[in-house]
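Chemist: Here is what each chain is made of, one letter per residue.
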Amino acid sequence: MTALLEFWSAHAAELWSLVERHLFLVIVSTGVAVLLGVPAGVLAVRRPRFGRPLLALANTAQTIPSLALFGFLLPLPFVGGVGPRTALVALTLYALLPVIRTTVAGLKSLDRAVLEAGVAMGMTPRQLLWMVELPLALPSIVAGIRVAAVIGVGTATIAAAIGAGGLGEYIFRGLSMVDSTMILAGAIPAAALALLVDGLLAGLERALKTGRGLRPAALAAAAIVVALIAVLAMSARSGPETAIRVGSKNFTEQILLGELLALALESEGLPVARKLNLGGTFICDRALRAGDIDVYVEYTGTAVSAIFHETVPRDPAVAVRLARERYAAQGLTLFEPLGFNNSFAILVRADDARRFALRSIDDLARVAPGWRAGFGYEFLQRADGYPGLVQAYGLHFGRPPAAMDVSLIYKALADRRVDVIAGDATSALIDALDLKALEDTRRYFPPYDAVPVARTAVVLERPGLRRALQRLAGRISAADMRAMNRAVDIDREDARVVARRYLAGD
Amino acid sequence: MATVVSFNAVSFGYRGGAPILSDFNLEVVAGEVLVLVGRSGAGKSTILKLVNRLLLPSAGVVTVEGRDTCEWDGIRLRRHIGYVLQEVGLFPHMTVAANVGLVPKLERWPVDRRRERTHQLLDLVGLPASRYATRRPEELSGGERQRVGVARALAIDPPMLLMDEPFGALDPLTRHELRVEFTRIQQALGTTVILVTHDMAEALTLAHRIGVLDDGALIVCDTPRRVRASQDPRVRRLLDTLVTIPDEAVAP
Chain A
1 MTALLEFWSA
11 HAAELWSLVE
21 RHLFLVIVST
31 GVAVLLGVPA
41 GVLAVRRPRF
51 GRPLLALANT
61 AQTIPSLALF
71 GFLLPLPFVG
81 GVGPRTALVA
91 LTLYALLPVI
101 RTTVAGLKSL
111 DRAVLEAGVA
121 MGMTPRQLLW
131 MVELPLALPS
141 IVAGIRVAAV
151 IGVGTATIAA
161 AIGAGGLGEY
171 IFRGLSMVDS
181 TMILAGAIPA
191 AALALLVDGL
201 LAGLERALKT
211 GRGLRPAALA
221 AAAIVVALIA
231 VLAMSARSGP
241 ETAIRVGSKN
251 FTEQILLGEL
261 LALALESEGL
271 PVARKLNLGG
281 TFICDRALRA
291 GDIDVYVEYT
301 GTAVSAIFHE
311 TVPRDPAVAV
321 RLARERYAAQ
331 GLTLFEPLGF
341 NNSFAILVRA
351 DDARRFALRS
361 IDDLARVAPG
371 WRAGFGYEFL
381 QRADGYPGLV
391 QAYGLHFGRP
401 PAAMDVSLIY
411 KALADRRVDV
421 IAGDATSALI
431 DALDLKALED
441 TRRYFPPYDA
451 VPVARTAVVL
461 ERPGLRRALQ
471 RLAGRISAAD
481 MRAMNRAVDI
491 DREDARVVAR
501 RYLAGD
Chain B
507 MATVVSFNAV
517 SFGYRGGAPI
527 LSDFNLEVVA
537 GEVLVLVGRS
547 GAGKSTILKL
557 VNRLLLPSAG
567 VVTVEGRDTC
577 EWDGIRLRRH
587 IGYVLQEVGL
597 FPHMTVAANV
607 GLVPKLERWP
617 VDRRRERTHQ
627 LLDLVGLPAS
637 RYATRRPEEL
647 SGGERQRVGV
657 ARALAIDPPM
667 LLMDEPFGAL
677 DPLTRHELRV
687 EFTRIQQALG
697 TTVILVTHDM
707 AEALTLAHRI
717 GVLDDGALIV
727 CDTPRRVRAS
737 QDPRVRRLLD
747 TLVTIPDEAV
757 AP
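Going line by line, the protein sequences match chains A and B. Anchor point for the first sequence: position 150 equals 150 in our numbering, and the numbering is continuous, going up by one each time. Our numbering runs 506 ahead of the 1-based position in the second sequence.
In case anyone wonders, no lab produced these hints; they're calculated from the structure. Some clues are possibly wrong.
[Said to hold, decoys possible] Subject to a maximum C-alpha distance of 30 Å in a straight line, what follows is the list of computed DSS-like cross-link-like pairs (lysine-lysine):
| # | chain 1 | residue 1 | chain 2 | residue 2 |
| --- | --- | --- | --- | --- |
| 1 | A | LYS209 | B | LYS611 |
| 2 | A | LYS108 | A | LYS209 |
| 3 | B | LYS555 | A | LYS411 |
| 4 | B | LYS555 | B | LYS611 |
| 5 | B | LYS555 | A | LYS108 |
| 6 | A | LYS436 | A | LYS411 |
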């Protein structure tokens, strides 16, 4: 608890900006959903022929898991891309269904005699809608807005995975660092925000239902929303347009590498926008191709197999050349490797290794039938991941492997929820959690040299970019990387501080 | 006397359904109270809806003030004719004053004139504006609501009022009170009224003329006294409901 309070007071400015961004995402997406959803609901009631497919569509959008929807929207033009735009589109889609549905329900539940009286008194259809139908359906519509906004507060935390910001940033950062304080630092304000939004809208709903104090309540709500939007619109302005946007995947080493790139670029006098902690390989690659980021650090083995779907050469130099050719053909430039090879490591608990005399992955075959493996989603999917591994070593696990987020698997292994995992060879947690890496005697895992990749157009435009990256080439050893990972993951230091110290001492 | 509403060989039926009215003829003269009586489903409400163009005839012609309703602008026509329903249909989100002042508002009367008229009407129907203007429909009794409904229908002083079982849902005492009020107001304003009911007693007490409807046709249309003397079995059936309860039928 004290740790949490200390964290908040130390990061007060950042926390406030994340809260602001979070509210911005929720208010704008809910607002757009109301502007689209209420007319859609009216149309659905007036013209059931349009209404039914419309509702079906909104229903379908609701069933798509949020991460999948974010991933799906990323590569699309206009609506996609890394950052708040994609998140706003996705959040709006989620908010639509409750708004449309309650609008329809509200309009359909109206007393027929009241409507008949309106028509018989000579109201035009438009007058009937604005003076009778919508006011009477308003409590129901507000109930829908309330549901939409509360869902929005929750879903917006996931938007951090695609660089949209918000309180999810602490949650994802905390997950990747196995830091429960940081997770709570994001999760608790998000929950509080959800309760606050729910309470405010519930009050409005009550005021509307009783019809008492309607004017003041509506005015107060409108004033709050307008004030928030004004504040948010000012703070939502992003960095300068000409900044070089540095991306990274969503784990500590990648965030450190992103900071190293950013600092190196800044020392060349280039303005930099950090878009770190974006998600997995696919999201970073799509963001790079879509022009949402200009540079990030990829690993040769990952590039060749996961992005270009080719077999990774065992020779590291050949792998770099192959990846460079493939990238070049697509308008992307692969620079020189940074120096270390972050291959996969098959990890077990050190006490298990001693007890079962496990030294290499070959030894694992003896115990595999009784063991449970846990792997990240990417490792399970990729041909050079789990499927190839069990084939190469003839492993037979008694149970199918547990799929979990990469940020959770070390902890899961240490907590004995799984018995063997695939992790990063440079992870600081190997020592910290008393794990042991099994030797890859059959050289199953290909080389994973860390190497920056950038958009060629930007490389040509900004000569400083090349100079900065050349300064980093071949300079970061595996030991350096483990030490930096350790400083962030175990000693809880700030990634930017660690990166700056490393560059200063280098 | 001038004919205000006329039905000439009017037929009406919903698409695919049995005809509700066939070859129906009726004339309503200015200033009279015409009460249409018949059992449920006899087509009474349909006749009212044909007058204010909520419905159009399948065949024949309905005229209001000499003009075919097909030629009337529906919105204009409806603002020209007051309408009172059994369920009243007050707007629950508006105050009593706002309900009464609604049609003047639609007609873009200035606020002052609207307020003045609203107060005048509330006084007319026996609900002092000082006590009732800011109340909401849910705070009123059934009888009070019906009075507001009448005031609302009279708001822009329409020459004609359509009333669809306006006193049906009230307790007998309130009903009696309102009938007396109704007669007073009608005589004061001289409004033409078409009122439909299934209650022969109501027809006999309120009407200048009574039209008896059976199966979509008008079988009698005459003064209350002559209708009461009618020997037509269909009329007698309705009149029989009036018979006072003999002493021996009263439960001990």
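Chemist: Can you confirm whether the C-alpha distance between LYS555 of chain B and LYS611 of chain B stays at or below 30 Å?
Modeler: Holds, because 23 Å separates the two Cα atoms, which is no more than 30 Å.
Chemist: Within 30 Å, alpha carbon to alpha carbon, are LYS108 of chain A and LYS209 of chain A?
Modeler: holds (17 Å)
Chemist: Given the hinted pair LYS209 of chain A and LYS611 of chain B, is their alpha-carbon gap at most 30 Å?
Modeler: At roughly 24 Å apart (the allowed maximum being 30 Å), LYS611 of chain B and LYS209 of chain A satisfy the hint.
Chemist: Is LYS436 of chain A close enough to LYS411 of chain A, meaning Cα to Cα at most 30 Å?
Modeler: holds (14 Å)
Chemist: Hint check: LYS555 of chain B vs LYS108 of chain A, CA-CA at most 30 Å. Holds or violated?
Modeler: Within the cut-off at roughly 23 Å; holds.
Chemist: Is LYS555 of chain B close enough to LYS411 of chain A, meaning Cα to Cα at most 30 Å?
Modeler: violated (75 Å)
Hint compliance for this structure: hint 3 is the single one not met.
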